[in-house]
Amino acid sequence: MVEEHIICIGCPLGCRTRLRIDPYGNVVKVTGYKCKEGRQYVLEEYRNPVRVFTTTILTQDSIRPLLPIRTDRPLLKTQLKEASKVVARIRVQPPVKEGQIILKNLMNTGVNVIATDDLLS
Amino acid sequence: MPWILSGATTYLIGSEPKLSWRYFHSINDLMIHKTDVLIVGAGIAGTSIARELSKYDMKVALVEKEPDVGWGQSKASFGICHPGARWPNGTLAQRMIYESHQVWDQIIDELGIEFLRIGELALAFNQEEVQHIQALKSQGEKNGVQGLEILSTQETLQLEPYVNPKIKAALYMPKAGIFSPFGLVLAFYENAKANGVDIYFETKVTEICLDQMGFIVKTNRGDIRTKYVVNAAGLFSQVIAQMIGDNSFSISYDTKSTCIILDKYLGEKVKHIITGIADIKIYHRFKTVMPTFHQNLLIYTPIPEPSKSIEDRSVEKRAFDLTLQDAKLLVPDIDFKPHIITAFSGITARNNRGDFIIEMSNNHPGFINVALPPPGVTCAPAVGKKVVEILKNAGLPLIKKSKFNPNRKAIKRIIHSSMGEIQELVNQDNRYGHVICRCETVTEGEIVEAIRRGASTLDGVKFRTRAGMGRCQGGFCTPRVVKILARERGLSEGEITKKGSGSRLLLYRSKELLEVKN
Amino acid sequence: MKLKDIDVAVIGAGPAGMAAAVRAKEEGAEQVLILERQEQMGGLLHQCVHNGFGLFYFGQDLTGPQYAHRFAEKVRDLGIRVLLRTMVTQLSSDRQITALSKSEGVINVKPKSIVLAMGCRERSRGQLGIPGSRPAGIFTAGTAQRFVNVEGWIPGRRIVILGSGDIGMIMARRLMLEGAEVMAVVEILPYIGGLTRNEVQCLHDFGIPLFLEHTVTEIHGGQRLEAVTIEKVGRDREPMSGTKRVIECDTLLLSVGLIPENELSRMAGVVIDPLTGGPVVDQWRETSVPGIFAGGNVVHVHDVVDEVSREAEIAGGSAVRFARGGAVEEERKILKPGRNIRYVVPQSITTRHDVTLYARVREMEEDVRLRVGDIFSKYFRVVKPGEMIKIDLTHSQLGLLKGDFVELSIEDIKGRRNG
Chain A
1 MVEEHIICIG CPLGCRTRLR IDPYGNVVKV TGYKCKEGRQ YVLEEYRNPV
51 RVFTTTILTQ DSIRPLLPIR TDRPLLKTQL KEASKVVARI RVQPPVKEGQ
101 IILKNLMNTG VNVIATDDLL S
Chain B
1 MPWILSGATT YLIGSEPKLS WRYFHSINDL MIHKTDVLIV GAGIAGTSIA
51 RELSKYDMKV ALVEKEPDVG WGQSKASFGI CHPGARWPNG TLAQRMIYES
101 HQVWDQIIDE LGIEFLRIGE LALAFNQEEV QHIQALKSQG EKNGVQGLEI
151 LSTQETLQLE PYVNPKIKAA LYMPKAGIFS PFGLVLAFYE NAKANGVDIY
201 FETKVTEICL DQMGFIVKTN RGDIRTKYVV NAAGLFSQVI AQMIGDNSFS
251 ISYDTKSTCI ILDKYLGEKV KHIITGIADI KIYHRFKTVM PTFHQNLLIY
301 TPIPEPSKSI EDRSVEKRAF DLTLQDAKLL VPDIDFKPHI ITAFSGITAR
351 NNRGDFIIEM SNNHPGFINV ALPPPGVTCA PAVGKKVVEI LKNAGLPLIK
401 KSKFNPNRKA IKRIIHSSMG EIQELVNQDN RYGHVICRCE TVTEGEIVEA
451 IRRGASTLDG VKFRTRAGMG RCQGGFCTPR VVKILARERG LSEGEITKKG
501 SGSRLLLYRS KELLEVKN
Chain C
1 MKLKDIDVAV IGAGPAGMAA AVRAKEEGAE QVLILERQEQ MGGLLHQCVH
51 NGFGLFYFGQ DLTGPQYAHR FAEKVRDLGI RVLLRTMVTQ LSSDRQITAL
101 SKSEGVINVK PKSIVLAMGC RERSRGQLGI PGSRPAGIFT AGTAQRFVNV
151 EGWIPGRRIV ILGSGDIGMI MARRLMLEGA EVMAVVEILP YIGGLTRNEV
201 QCLHDFGIPL FLEHTVTEIH GGQRLEAVTI EKVGRDREPM SGTKRVIECD
251 TLLLSVGLIP ENELSRMAGV VIDPLTGGPV VDQWRETSVP GIFAGGNVVH
301 VHDVVDEVSR EAEIAGGSAV RFARGGAVEE ERKILKPGRN IRYVVPQSIT
351 TRHDVTLYAR VREMEEDVRL RVGDIFSKYF RVVKPGEMIK IDLTHSQLGL
401 LKGDFVELSI EDIKGRRNG
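So the protein lines, in turn, are chains A, B and C.
Going left to right, the first sequence walks through residues 1 to 121 as the numbering used here numbers them.
Going left to right, the second sequence walks through residues 1 to 518 as the numbering used here numbers them.
Going left to right, the third sequence walks through residues 1 to 419 as the numbering used here numbers them.
Simulated from the structure, these hints should not be mistaken for lab results.
A hint or two may mislead.
Said to hold, decoys possible - Computed spacing ranges between beta-carbons, pair by pair:
(1) C:S92 / B:P88: 45 to 53 Å
(2) A:L120 / B:A194: 40 to 48 Å
(3) C:H353 / A:K36: 49 to 57 Å
(4) B:S492 / C:L84: 25 to 33 Å
(5) C:G79 / B:Q428: 32 to 40 Å
(6) B:P304 / C:D236: 24 to 32 Å
(7) C:G399 / A:K36: 33 to 41 Å
(8) B:R318 / C:G242: 30 to 38 Å
(9) C:G207 / B:N427: 37 to 45 Å
(10) A:V86 / C:K390: 34 to 42 Å
(11) B:E311 / C:G242: 25 to 33 Å
What the hints assert, rightly or not - Not close to chain B: a few residues of chain C, all C-beta gaps over 12 Å, as computed:
(12) Q90
(13) S93
(14) R95
(15) I130
(16) G207
(17) E329
(18) K336
(19) E366
(20) I389
(21) S396
Backbone N, C-alpha and C define an ideal beta-carbon position, used for all residues, glycine too.
The task is simple: from the sequences and hints, build the whole structure.
Here it is, written out as structure tokens:
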């Protein structure tokens, strides 16, 4: 039996919940929550902890050194570090429009990297 | 003939033109250079002496270990121009003050020095203190100070409504004034430079040897041969003197003092230099609540804190708290805490003789020692003249230059200009319309001019233009100033430093830390 | 250059200024002008590359630049005039604006009404009085954010962050994702200053140690930062002996508070509330000077950008009505902060219209009831200074108020909950 600690971010209380996990990875018990939305959140967070990845990428031939980008869908939180290294190798040239796909299928996750601002010059 | 490159004149010597300061900084080869007079230290003393010497036909060089002028004690001065009542008659300090006052008006005008004659009120809270200020008045009158008057509580409050109403009386010294201390050093330096003085920054004297011609002064940048040396090295003047075996004085630097700078919002509430007695027996020790030239409020009380080293500028909590406490006694109705901008400490070099030292060394007639405890700033002009006199007595021929230009203009500041003047400036150069530092209203034009005149670091720009000295302490303008410095100096932003080598601001480029290292 | 016939002039083109200008135009103002000191619209949004913006305003999860983009497009589409690289240097109580512009030089304009939307600045090291030397390597979190997200520079590789406000925590994550190492986040209170979400997604996700009830007591380093000393503090927020810890680092980020930027407001004689640091306003966001309105972080520091825009819209709408000549004198009630309430905005209201009140508590408390006079009460499981409280009141509720003052207070009801 393993115990996972997850803080619920649903409301300012930030309940510190505890999840008991059996050897097969199933959640056997959840304690420490104060509402059903919170319980739902921590279960989801345990099974599938995802984060939208936002960062900047380097430009080329532009007065602006950086272009802000984001993933169009969340990645697993464990993939963020690798994602940083992957996008660090990209160089983007103007013109780019906000919303444009910069990199398709990042790290084979099916998630795309898109520009969150224009890069006009 | 040195190749002129946007203010880098002072860096380039020898016959080969160099392309950038960065290239210069990487040169380790020796430069053999000769001069007639070498001044060590570009503080208020050194620059004033340099300017005075630049009136005569001779080669003068000034070496300074920091990247800019006045970075020793001078920039931490409060900038008070003392009328001269506080120093005993017969001391060299008092004489220097008196002689300086004979020429200050002229020099302030010639050099475009930022100065305001706002007057001082020395407060007395009880009978003993009233006697102190009465004695101060007598001493002042003996020293030739004009306009001294003892005021009643009512009269004082009329001049200065925020003063503690519990005072019994105050000594009014109308001739007192305030300089912008860094501006003062800059004024002397720029005029000296314009009149041919060579100035070398980040040049530290490591050894002084004697030969039959005079001195060989060794520095981290090479050797300089000179007939005369003026030791104006402030905190380090003892170290420099000892290089020729002169142990005639010592500098104490085991105590430092702290002052607090507050928002201009408070600076507007106080119109005079307000002082309180710090030691009933000593007339030149005082606590103060005063406006600075730039309208901040400055508060200070002499609390000697032990310093850890000669370069220790750290602010201790105890000193900070006591300074606030003491200031409250002078102006109880001013709420300081919400308006504090910053605090800084400095070590004031006091020497073991308790007076100014401006004299020929006993070890060598061509070596002049200059060690000025406070009030160095007030005495700048007379100190310069006295050193020239001593050099003359040591055999230096003084032939007046026909082409000496006594005039120098400060950088035109938007904040002090009329709308019409600003519009004209912008028409000539639209960078004067681009505000970079919002707290002090400093424009790109002023910053570019400061760089042209020699600022090479973020602090250099700060001290010359005020950008970064306001409420937000550079929070908004720093990235922009860094950009301008990089552009004007032909460097990358990562090479810009806060205060000289070893103090780069931005250590890595974006993504550099993510790159796979091979 | 003299600009004439301006109905509404907005100072600042951030999320507040843009929203105010857009609302003013939408409500029929003919000539709307925005004066902005930076090179583009958007204010600080451009350096906020993270998401979480626009959830309420646009119903989408956007990054800062995306949020700015939406508004900037609206500004352009509506034909609002924007002067960039233009800094307002003077503001008088009779609405005379003097500004300095790179392209136009000196600009004078006296609009029919003004909206102050200058936002806020960060508290600096100097104001904290942290003892120690003055090396390079100390930045406020916002300045560091600009370097990292806009200029393309990482200040250092071993970072300590003082303050657990949202900006500090977000920068902790940002720097980790850029390959730096955040050694510690140090917070003087027993709880974080920002949102729990950021504690999880910025600190826990990256294994960054959080030192609660600690503060930086000394800075070490000659030319560049070398280390900081941190110490635990007691209830009096003073360092406790024997708890010193030295952390080697090359960068210190300060995230220790935001201060509304009201120099221009003071110049115009606008009365400032010492509790917020911003102008005293009524529910229309009019300041003590008729015709001068204010909205956004310049009034009080918000948590969420959407609320900044919402509040500024009120100011924009009111500015247009004033410009058209509709100044209605209504009876006002003054809102007073009571127990455990740090401030309330707006500081005065009428009882004839619905209103939304914004408040912050002084200290964290659990199991409490918020009361507005005796017309409204609401139970809260927890209240924290870092999470603003919004209260919507209808004019029927307000109609029951008696007297000139209304007090907002927090009542501790631990164990005595009655639904």
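Hint check:
Checking the proposed 45 to 53 Å range against S92 (chain C) and P88 (chain B) shows it holds: the Cβ atoms sit about 51 Å from each other. At roughly 45 Å, the beta-carbon separation of L120 (chain A) and A194 (chain B) lies within the given 40 to 48 Å, and the hint holds. Taken as a hint, the range 49 to 57 Å is violated for the pair H353 (chain C) and K36 (chain A), whose Cβ atoms sit roughly 37 Å apart. Restraint check, S492 (chain B) to L84 (chain C): a C-beta distance of roughly 26 Å satisfies the suggested window 25 to 33 Å.
Against the hinted window of 32 to 40 Å, the Cβ-Cβ separation of G79 (chain C) and Q428 (chain B) comes to about 33 Å, which satisfies the hint. Between P304 (chain B) and D236 (chain C) the beta carbons are some 28 Å apart, a value that agrees with the proposed interval 24 to 32 Å. Distance hint check: the CB atoms of G399 (chain C) and K36 (chain A) are about 37 Å apart, consistent with the given range 33 to 41 Å. The given range of 30 to 38 Å is broken by R318 (chain B) and G242 (chain C), whose C-beta atoms sit roughly 19 Å from each other.
Separation of G207 (chain C) from N427 (chain B) is about 57 Å and departs from the stated range, judged on CB atoms against 37 to 45 Å. Under the hint 34 to 42 Å, the C-beta atoms of V86 (chain A) and K390 (chain C), about 41 Å apart, fit the expected range. Between E311 (chain B) and G242 (chain C) the CB atoms are about 29 Å apart, so this pair conforms to the stated range of 25 to 33 Å. The Cβ of Q90 (chain C) sits about 10 Å from the closest Cβ of chain B, inside the 12 Å cut-off, so the non-interface label is violated.
Consistency note on S93 (chain C): stated as away from chain B, and its beta-carbon is indeed over 12 Å from all of that chain's, at 17 Å minimum. With a minimum CB-CB distance of about 17 Å to chain B, R95 (chain C) clears the 12 Å threshold, and the non-interface call stands. Under the 12 Å C-beta cut-off, the non-interface status given to I130 (chain C) relative to chain B is violated; the minimum distance is some 8 Å. Listed as outside the interface, G207 (chain C) is consistent with that label: its C-beta sits roughly 17 Å from the nearest C-beta of chain B, beyond the 12 Å cut-off.
In this structure E329 (chain C) is separated from chain B by more than 12 Å, as the shortest Cβ-Cβ distance comes to about 32 Å. Every CB of chain B lies more than 12 Å from the CB of K336 (chain C), the least distance being 21 Å, so the non-interface label holds. Distance check for E366 (chain C) against chain B: the nearest CB is about 30 Å away, which clears 12 Å, and the non-interface claim stands. For I389 (chain C), the condition that its CB be more than 12 Å from all CB atoms of chain B holds, with the nearest at approximately 24 Å.
Against the 12 Å criterion, S396 (chain C) stays outside the reach of chain B, whose nearest CB is about 40 Å from its own CB.
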